[in-house]
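If you're matching positions, the sequence shown starts at 3 in this note's numbering and goes up one per residue.
Because the hints were derived from the structure by calculation, they are not lab data.
Just so it is clear, CB atoms sit at the ideal spot from N, CA and C, and this is done for glycine as well.
It is possible that part of the hints are untrue.
[Claimed, not checked] Computed cross-link-like contacts, PhoX-like style, restricted to lysine-lysine with a CA-CA straight-line distance of at most 20 Å:
#, residue 1, residue 2
1, Lys-234, Lys-176
2, Lys-176, Lys-159
3, Lys-159, Lys-48
4, Lys-176, Lys-116
5, Lys-118, Lys-48
6, Lys-155, Lys-252
7, Lys-195, Lys-262
8, Lys-229, Lys-262
9, Lys-269, Lys-229
10, Lys-195, Lys-234
11, Lys-123, Lys-48
12, Lys-176, Lys-252
13, Lys-48, Lys-133
14, Lys-234, Lys-262
15, Lys-159, Lys-133
16, Lys-252, Lys-234
17, Lys-48, Lys-155
18, Lys-227, Lys-284
19, Lys-133, Lys-123
20, Lys-159, Lys-252
[To be verified] Derived DEER-like restraints, expressed as beta-carbon distance ranges:
#, residue 1, residue 2, range
21, Pro-281, Asp-200, 38 to 44 Å
22, Glu-75, Gly-206, 37 to 43 Å
23, Asp-122, Ile-97, 39 to 45 Å
24, Arg-221, Asp-89, 38 to 44 Å
25, Ile-136, His-297, 44 to 50 Å
26, Lys-133, Met-259, 34 to 40 Å
27, Asn-280, Tyr-213, 24 to 30 Å
28, Thr-158, Thr-17, 44 to 50 Å
29, Met-140, Gly-228, 30 to 36 Å
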Amino acid sequence: MISFAIGLSVVLLLTILFLLFRIGTLVSIFRGSSQRAVGTTKTSNKINSTLLLLFLLVGGAAFAWSFADSWQEMNQPLASVHGDWTDSLFWTTMIIIGVVFVITQILLFWYSYKYKHQDDKKAYYYPHNNKLEIVWTMIPAVVMALLVFAGWKTWTKITSASPEDAVVIEVMGKQFSWMVRYPGPDGVLGDAKIPLVDATNQMGVDFSDQYALDDFMPREIHVPKGKPVLLKIRAQDVIHSVFMPHFRLKMDAVPGMPTKFWFVPTKTTYEMQNETGNPDFKYELACAEVCGRGHFAMRFIIVVDEPEDYEAWVAEQVPFVEEHPEILTKAETTPAKELVAKNGSGDKAEEVKTAL
3 MISFAIGLSV VLLLTILFLL FRIGTLVSIF RGSSQRAVGT TKTSNKINST
53 LLLLFLLVGG AAFAWSFADS WQEMNQPLAS VHGDWTDSLF WTTMIIIGVV
103 FVITQILLFW YSYKYKHQDD KKAYYYPHNN KLEIVWTMIP AVVMALLVFA
153 GWKTWTKITS ASPEDAVVIE VMGKQFSWMV RYPGPDGVLG DAKIPLVDAT
203 NQMGVDFSDQ YALDDFMPRE IHVPKGKPVL LKIRAQDVIH SVFMPHFRLK
253 MDAVPGMPTK FWFVPTKTTY EMQNETGNPD FKYELACAEV CGRGHFAMRF
303 IIVVDEPEDY EAWVAEQVPF VEEHPEILTK AETTPAKELV AKNGSGDKAE
353 EVKTAL
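All chains should be built: construct the whole structure from the sequences, respecting the hints.
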């Protein structure tokens, strides 16, 4: 933020100086003093060209300082396998485009200084050159085509089918929070339907589906280190975006259009705390799509465990129907209705647990 403020101040200062000199030139012309106007124009040209060169030097130095100062914030520690592919593609693109940008800006401001108006110089008229136009068209076209191909190849790898043994987690975005659901021992998520959403069943899970009866909905996400994790993503109301910066993971959550993303975490939360030197470090899921006034509050904690710790955590989780046994009375069909019939009204968690 400080870097941005300093850079903006420099730009505004140079802009004000330029405008002041320009105003002086125009005032002289409007007064009708032709000789004075000519002299003022010559002086103005020299001053403006010098200011442009100064802007290049000061702006370039400010940019370099800002880039170096923000390096740590721009480069969050990496904690996934595919994140390495993403970072490699990103920095390859940045280097190529950055080099071209620096060269063109240096030439732009240097030519403005070197070829400022002078009475004893005449502009050279150079209207057309086929070879030159072919060269400066083909080189960027080939470079951009290679970058696009590299991006397509990387994206194809990232979005390929997840392994069969992937840990499946459903993530649903709604204004203004995230909800997650894990399959229970059966390893299969039960169906969910938006019309079933209510104050208790906020994910709209269809508990008439037998696969839904052992699903659980924790208040934080746990994933095992070194194991593939598949996120099944959906939204309840407006577009949200699943963003996990340390895993280089971003995928939109779109109402009516389920999406997915799979990744392999490579560092536990404890390992990342040691790496960053921050004992309070936590991975997080944030929303990267402005979705309303409460957008800032859409944050969900992610914990990366060692595989054995993850299994222990899963074993401790309680199915949603055990936490809210009354929800079975709202189920449309069997087997949920059968559970209620066999075990009373469904008001007691122990009865439901016994049935399950």
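Going down the list of hints, with the structure as the test:
1. Lys-234 with Lys-176: holds, 15 Å
2. Lys-176 with Lys-159: Violated. Lys-176 to Lys-159 sits at ~29 Å, over the 20 Å cutoff.
3. Lys-159 with Lys-48: violated, 55 Å
4. Lys-176 with Lys-116: violated, 58 Å
5. Lys-118 with Lys-48: Given that 20 Å is the threshold and the Cα spacing comes to 7 Å, the pair holds.
6. Lys-155 with Lys-252: holds, 17 Å
7. Lys-195 with Lys-262: holds, 18 Å
8. Lys-229 with Lys-262: holds, 17 Å
9. Lys-269 with Lys-229: holds, 11 Å
10. Lys-195 with Lys-234: Roughly 14 Å separates the two Cα atoms, so the pair holds.
11. Lys-123 with Lys-48: holds, 14 Å
12. Lys-176 with Lys-252: holds, 17 Å
13. Lys-48 with Lys-133: This hinted pair is violated, its Cα atoms lying about 35 Å apart.
14. Lys-234 with Lys-262: Since the Cα atoms of Lys-234 and Lys-262 sit roughly 5 Å apart, the hinted pair holds (cutoff 20 Å).
15. Lys-159 with Lys-133: With Cα atoms ~39 Å apart, Lys-159 and Lys-133 exceed 20 Å; violated.
16. Lys-252 with Lys-234: Distance of about 13 Å is within 20 Å: holds.
17. Lys-48 with Lys-155: Between Lys-48 and Lys-155 the Cα gap is close to 51 Å, so the pair fails against 20 Å, i.e. violated.
18. Lys-227 with Lys-284: holds, 15 Å
19. Lys-133 with Lys-123: Violated, at roughly 27 Å.
20. Lys-159 with Lys-252: holds, 15 Å
21. Pro-281 with Asp-200: 38 to 44 Å: holds, 40 Å
22. Glu-75 with Gly-206: 37 to 43 Å: holds, 38 Å
23. Asp-122 with Ile-97: 39 to 45 Å: Given range 39 to 45 Å: holds, Cβ gap about 42 Å.
24. Arg-221 with Asp-89: 38 to 44 Å: violated, 31 Å
25. Ile-136 with His-297: 44 to 50 Å: holds, 48 Å
26. Lys-133 with Met-259: 34 to 40 Å: violated, 49 Å
27. Asn-280 with Tyr-213: 24 to 30 Å: violated, 40 Å
28. Thr-158 with Thr-17: 44 to 50 Å: Cβ of Thr-158 to Cβ of Thr-17: about 45 Å, so the range 44 to 50 Å holds.
29. Met-140 with Gly-228: 30 to 36 Å: violated, 45 Å
In this structure, the earlier hints numbered 2, 3, 4, 13, 15, 17, 19, 24, 26, 27, 29 are contradicted, and the remaining ones agree with it.
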